[in-house]
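One-letter residues, chain by chain:
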Amino acid sequence: AQTVTQSQPEMSVQEAETVTLSCTYDTSESDYYLFWYKQPPSRQMILVIRQEAYKQQNATENRFSVNFQKAAKSFSLKISDSQLGDAAMYFCAYRTPNTDKLIFGTGTRLQVFP
Amino acid sequence: NAGVTQTPKFRVLKTGQSMTLLCAQDMNHEYMYWYRQDPGMGLRLIHYSVGEGTTAKGEVPDGYNVSRLKKQNFLLGLESAAPSQTSVYFCASSYDLAGIAKNIQYFGAGTRLSVL
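Protein chains in written order, with my numbering: chain A, 93 to 206; chain B, 33 to 148.
Since the hints were made in silico from the structure, they are not lab data. If you're wondering where the values come from, they're calculated on a predicted model, not measured in any experiment. A virtual CB, placed ideally from N, CA and C, is assigned to each residue, including glycine. Treat the hints with care, since some could be wrong.
[Claimed, not checked] Distance condition first, Cα-Cα at most 27 Å in a straight line; then the derived DSS-like pairs of lysine-lysine:
(1) 41(B) <-> 103(B)
(2) 46(B) <-> 103(B)
(3) 170(A) <-> 193(A)
(4) 46(B) <-> 193(A)
(5) 162(A) <-> 193(A)
(6) 89(B) <-> 193(A)
(7) 193(A) <-> 103(B)
(8) 89(B) <-> 103(B)
(9) 162(A) <-> 147(A)
(10) 41(B) <-> 89(B)
(11) 165(A) <-> 103(B)
(12) 193(A) <-> 165(A)
[Stated by the list, open to error] Residues on chain A that point at chain B, a partial pick, calculated with CB under 10 Å:
(13) 136
(14) 183
(15) 199
(16) 203
Model the full assembly from the supplied sequences, consistent with the hints where possible.
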């Protein structure tokens with residue numbers, strides 16, 4: 093069975109600095125998708141970034157980028173120029189291509205200090 | 033521009049009571065999902081539906097039932113609520129398997145349920 097592990101329950105960063113959130117996963121499949129979702133205090137789950145496993149190029153969305161290491165089954169999220177509004181829970185998620193179910197990690201709470 | 037709407041937003045039940053959570057989406061999505069979120073455990077899939085009239089079990093289906101009579105609605109029922117079902121419930125929807133851009137799940141704002 094596929095599993096997703098986020099080993100950092102909490103992280104903190106200074107405003108304008110860079111922070112990296114870790115995620116590892118376990119799967120025997122070769123084709124799959126990975127996602128990072130953000131959950132602010134409002135509870136709304138917001139998609140931050142996604143990565144297709146068949147693509148070697150790391151996904152980037154403005155200040156958010158990933159470091160996807162397929163062989164190591166690692167999918168970390170880098171947030172550059174951190175802003176106060178980035179403070180939230182961040183969830184890593186895995187999705188297989190043959191189903192549409194998401195498997196979530198336990199989340200990392202990110203605090204941003206001014 | 034509603035997206036995925038969940039009602040109610042909050043609910044308190046007594047053990048043994050029943051209730052139904054409603055999820056509605058206006059994006060013409062084929063797939064819909066119910067998750068529960070508990071502290072330290074992330075989101076876990078309860079049930080899901082791949083189309084009108086179909087439902088399937090997820091990771092933690094016991095104690096819940098679902099129905100998808102209309103494409104835009106996905107109902108989650110608790111027949112006899114238990115304190116272990118105290119949680120935050122999220123509904124999500126997505127399009128289908130055809131194409132990466134359509135594989136994104138969009139979430140509602142959640143329902144906080146307490147069972148006393």
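Fill in: residue 89(B) paired with residue 103(B) [C-alpha distance capped at 27 Å]
holds (18 Å)
Fill in: Satisfaction of the residue 203(A) interface hint, Cβ to chain B closer than 10 Å
violated (17 Å)
Worksheet item: Taking only the CA atoms, is the gap from residue 165(A) to residue 103(B) under or equal to 27 Å?
Response: At roughly 36 Å apart (the allowed maximum being 27 Å), residue 103(B) and residue 165(A) break the hint.
Worksheet item: Are the Cα positions of residue 41(B) and residue 103(B) separated by 27 Å at most?
Response: Holds: residue 41(B) and residue 103(B) sit about 22 Å apart, inside 27 Å.
Worksheet entry | 27 Å Cα cutoff - pair residue 89(B), residue 193(A) | holds (11 Å)
Discussion item. Check the hint pairing residue 193(A) with residue 103(B) against an upper bound of 27 Å on the C-alpha distance.
Written reply: holds (18 Å)
Discussion item. Tell me if the straight-line CA distance from residue 162(A) to residue 147(A) falls inside 27 Å.
Written reply: holds (10 Å)
Fill in: Agreement of residue 46(B) and residue 193(A) with the hint, judged by alpha carbon distance not exceeding 27 Å
It is violated: about 31 Å lies between the C-alpha atoms, which goes past 27 Å.
Fill in: Hinted pair residue 193(A) and residue 165(A), Cα distance within 27 Å
holds (19 Å)
Worksheet item: Within 27 Å, alpha carbon to alpha carbon, are residue 170(A) and residue 193(A)?
Response: holds (25 Å)
Item to complete: Against chain B, run the beta carbon of residue 136(A) and see if the smallest gap drops under 10 Å.
Response: Hint holds; residue 136(A) Cβ to chain B Cβ min 5 Å, cut 10 Å.
Discussion item. Just to be careful, I want the Cα atoms of residue 41(B) and residue 89(B) compared with a cutoff of 27 Å; is the pair within it?
Written reply: holds (24 Å)
In summary, the numbered hints that this structure violates are 2, 4, 11 and 16.
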